[in-house]
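*Asks:* Next come the chains, spelled out residue by residue.
Number of protein chains: 2
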Amino acid sequence: MTDQQAEDTAPDEGRASGRDVSRRRLLGFAGAGAVAAGAAASGVLVGRASADENRTTDDPAGKDQYPFRGAHQAGIVTPAQDRLHFAAFDVTTTRRDELIGLLKAWTEAADRLTRGESAGPYGPVGGPYQAPPDDTGEAYGLPPSGLTITFGFGPTLFTTVDGVDRFKIAGARPKGLIDLPHFPADKLDPARSNGDLCVQACAHDPQVAVHAVRNLARIAFGTAGIRWSQLGFGRTSSTSTSQDTPRNLFGFKDGTANVKAEETAALDEHIWVQSGDDRAGDWMTDGSYLVARRISMHIETWDRTSLKEQEDIVGRDKGAGAPLSGGTEFTEPDFEARGRTADGKPGDPLIPADAHIKVAHPTVNDGTRILRRGYNFTDGSTGLGRLDAGLFFIAFVRDPVKQYVPMQTQLSSKDPMMEYLQHTGSGLFAVPPGVTGPSGFIGEPLFS
Amino acid sequence: MTDQQAEDTAPDEGRASGRDVSRRRLLGFAGAGAVAAGAAASGVLVGRASADENRTTDDPAGKDQYPFRGAHQAGIVTPAQDRLHFAAFDVTTTRRDELIGLLKAWTEAADRLTRGESAGPYGPVGGPYQAPPDDTGEAYGLPPSGLTITFGFGPTLFTTVDGVDRFKIAGARPKGLIDLPHFPADKLDPARSNGDLCVQACAHDPQVAVHAVRNLARIAFGTAGIRWSQLGFGRTSSTSTSQDTPRNLFGFKDGTANVKAEETAALDEHIWVQSGDDRAGDWMTDGSYLVARRISMHIETWDRTSLKEQEDIVGRDKGAGAPLSGGTEFTEPDFEARGRTADGKPGDPLIPADAHIKVAHPTVNDGTRILRRGYNFTDGSTGLGRLDAGLFFIAFVRDPVKQYVPMQTQLSSKDPMMEYLQHTGSGLFAVPPGVTGPSGFIGEPLFS
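Chains as they are written, first to last, in this note's numbering: chain U, 86 to 533; chain W, 86 to 533.
If you are wondering where the hints come from, they were derived from the structure by calculation, not from laboratory data.
Treat the hints with care, since some could be wrong.
[What the hints assert, rightly or not] Just a sample of chain W residues kept apart from chain U, beta carbon distances all over 10 Å, derived: (1) T221; (2) N333; (3) H383; (4) P447; (5) P491.
[Stated by the list, open to error] DSS-like mimics (lysine-lysine), calculated; alpha carbons at most 27 Å apart, straight line: (6) K148/W / K148/U; (7) K148/W / K403/U; (8) K148/U / K499/W.
[As the list claims (entries may be wrong)] A few chain U residues that don't get close to chain W, going by computed Cβ distances all over 10 Å: (9) V249; (10) R251; (11) Q315; (12) T341; (13) D363; (14) S498.
None of these values were measured; they are calculated from a predicted model.
Virtual Cβ for every residue (Gly too), placed ideally from N, Cα, C.
Given the sequences, and given the hints that come with them, work out the whole structure.
*Replies:* Listed below in structure tokens is the structure:
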């Protein structure tokens with residue numbers, strides 16, 4: 086912000102004299118483009134949280150606030166918030182310095198937004214009257230609402246589909262950031278798949294999540310544009326033992342066996358990239374990989390199957406979520422347990438041999454566990470009088486090649502649930518470690 | 086439910102003995118098709134609210150419960166909940182008795198769902214093991230969450246586009262239920278417009294709203310199918326003086342001048358159909374009309390305009406929502422008030438002559454007021470790297486011909502905000518009065 090701009094405090098003609106319109110003029114304005122990058126340095130904080138009007142939300146947890154900075158990015162082990170706006174971006178510049186500039190600007194904006202402040206230092210009404218506001222305003226007055234923003238880098242950021250190394254980072258492409266193979270029953274829509282960058286915004290209030298993505302897209306204008314985006318309305322996993330397990334659109338509790346935030350050893354083993362995992366990708370240490378799959382559910386067909394068939398397919402009781410071998414939700418399934426026939430002899434296994442929980446179980450997947458963080462979605466209806474609904478699957482893993490690919494290969498060919506599913510979108514993203522220093526930016530180790 | 090079915094309590098082979106799986110078998114099952122119609126008579130209430138597991142929501146207002154029955158339908162003056170799932174249906178049967186059967190089944194299901202119970206009397210896990218559950222289960226354990234379900238009848242229910250009177254009700258088509266004219270800048274998608282029936286489900290929790298629409302669609306299977314549906318994530322209007330005014334995706338407070346629930350005289354004058362309004366449509370007394378308009382917003386363009394231009398277009402201050410003539414949000418705008426030029430002479434009007442609040446104001450619209458109940462939406466992105474976002478406008482009026490058509494004619498040609506809007510979907514529905522007696526059903530006066 087220049088002195089000249091700071092002094093741009095001339096009163097506006099045609100404004101009501103009774104209102105305090107000069108205070109915001111005093112703050113000046115550095116132009117939308119420069120705002121995000123300069124926010125930390127300016128020290129000016131006129132955020133939405135400091136607005137004197139605070140819309141009452143129905144959500145007391147709206148006061149939840151998770152720091153953006155830390156060794157790991159937020160939005161992974163953070164207790165899963167109930168709403169999602171996920172967006173994939175294509176980078177439109179070929180200049181490395183502009184990409185770095187975007188990541189710096191996004192870092193500053195994400196830091197502000199997750200504190201419940203506006204995207205830029207002046208906010209939706211604080212800049213000069215003759216300039217566009219540096220925040221779009223729809224979250225003005227709303228609390229932080231537990232917002233987290235998680236960034237990821239797609240394979241095409243490193244090498245385009247035509248093999249071009251636009252940003253001189255191809256040599257640092259981590260070995261886990263593969264092009265996912267085609268799985269049986271995939272019917273992927275290119276308009277819902279892949280991307281150079283991704284942003285996962287989660288919050289208790291969807292307006293806060295949408296506001297975050299919209300303002301990050303605005304900051305990216307001229308450097309990157311939205312390739313696709315997906316809203317999710319209900320979390321389908323717990324990421325903390327403090328949360329109970331929600332239900333997916335099949336009506337079942339989902340993600341019971343998730344790696345939880347409290348399992349620190351399991352997180353190191355299954356979720357966080359460790360130093361030495363990958364020589365080229367050592368900048369990924371403390372990062373993770375994000376697998377996104379838009380899974381359409383044939384809910385009308387599912388709804389016509391019997392309760393028995395549904396439970397046999399899942400391998401769990403629909404009510405409590407307990408394995409069919411007995412116990413409660415968190416009882417380990419006993420795949421050997423059998424029922425009894427009418428004459429008292431051992432019957433079939435209580436959990437069918439091809440039940441989803443068996444096919445996905447670590448014991449048949451080399452001990453693999455993943456951290457799921459997906460959301461239910463409903464995107465209007467199909468042209469066939471059905472809801473276009475399903476699960477936007479998000480999982481974080483330490484190594485997609487060892488964890489997701491074998492598991493999905495197994496599931497896509499053996500899981501009887503696949504009869505009711507179709508994968509319609511897909512993306513794999515390298516999630517860099519968190520930003521620790523006050524001047525750092527997301528992905529900095531990749532560029533230094 | 087037959088005695089035979091009630092006695093269908095044989096234990097299932099292959100089930101864990103330790104779990105209480107027989108209790109739900111005791112309840113029997115009447116088959117999904119017959120469930121809704123018979124629910125009231127059966128008196129069996131095994132709803133999700135009575136489940137012993139209650140997911141903790143972040144939303145204390147999840148306990149809100151609004152009765153479905155009453156002189157007027159709920160979901161109109163009910164304090165606007167924050168989430169919406171709206172669906173339009175096409176009736177696929179040509180039999181009057183099947184249409185009536187659907188409306189009866191919907192009435193019973195809506196009565197149950199708004200009490201926080203499951204769609205059918207046995208719920209997601211209460212029926213016989215070999216039959217499909219009579220509720221899809223994704224809201225099992227969730228509180229009522231302030232759910233309201235509001236039904237409407239489209240013009241084509243009375244007369245098809247080919248002029249067919251399928252259900253012998255063409256003579257009772259109310260005069261307000263017109264085919265809306267084409268307005269300037271309309272670019273309506275037939276796949277997002279019209280319909281024989283509509284369902285507006287509003288709740289604090291989107292999973293509860295989606296669950297309601299899904300289960301009503303399931304009950305309609307074979308009789309009616311979803312034509313289009315729309316999710317909304319944030320209310321853009323207040324319908325009670327107890328609510329503060331939320332913001333639309335232009336970042337402005339919206340619907341400040343709304344008719345509110347507390348203005349009972351204004352509701353009778355502007356919102357509720359009165360006896361004698363319409364001889365053919367007298368069955369509509371205590372009903373209303375619902376206008377739905379999917380309004381796409383060019384938010385990227387809007388975000389590039391100056392704060393001054395935005396405020397001049399709206400006619401209100403972006404921060405507090407006060408008219409540019411001064412005061413606070415609820416101060417009446419003074420369209421005569423002028424600023425002063427540098428030499429102290431009267432300047433331009435403080436509220437520009439073509440500001441949105443002036444063009445939409447009752448004083449230039451024959452005193453017309455409406456009850457707005459719209460929602461912000463974001464449906465992923467367009468193919469052009471932009472968010473597909475906007476306002477799903479819903480308004481309730483006593484007479485669309487006298488209220489909505491003149492107002493929209495005026496707005497669509499004179500409102501400078503139209504530069505940033507495009508109407509991409511449309512529907513007009515007659516909203517019958519509420520159901521009062523225990524045996525009544527929605528729209529009963531139309532068929533009796």
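*Asks:* For every hint, state whether the structure bears it out.
*Replies:* Checked hints:
no.: 1; hint: T221; result: violated, 5 Å
no.: 2; hint: N333; result: violated, 7 Å
no.: 3; hint: H383; result: holds, 13 Å
no.: 4; hint: P447; result: holds, 22 Å
no.: 5; hint: P491; result: holds, 30 Å
no.: 6; hint: K148/W / K148/U; result: holds, 20 Å
no.: 7; hint: K148/W / K403/U; result: holds, 24 Å
no.: 8; hint: K148/U / K499/W; result: violated, 42 Å
no.: 9; hint: V249; result: holds, 20 Å
no.: 10; hint: R251; result: holds, 18 Å
no.: 11; hint: Q315; result: violated, 6 Å
no.: 12; hint: T341; result: holds, 13 Å
no.: 13; hint: D363; result: holds, 32 Å
no.: 14; hint: S498; result: holds, 25 Å
Against the hints set out earlier in the document, violations occur for numbers 1, 2, 8 and 11.
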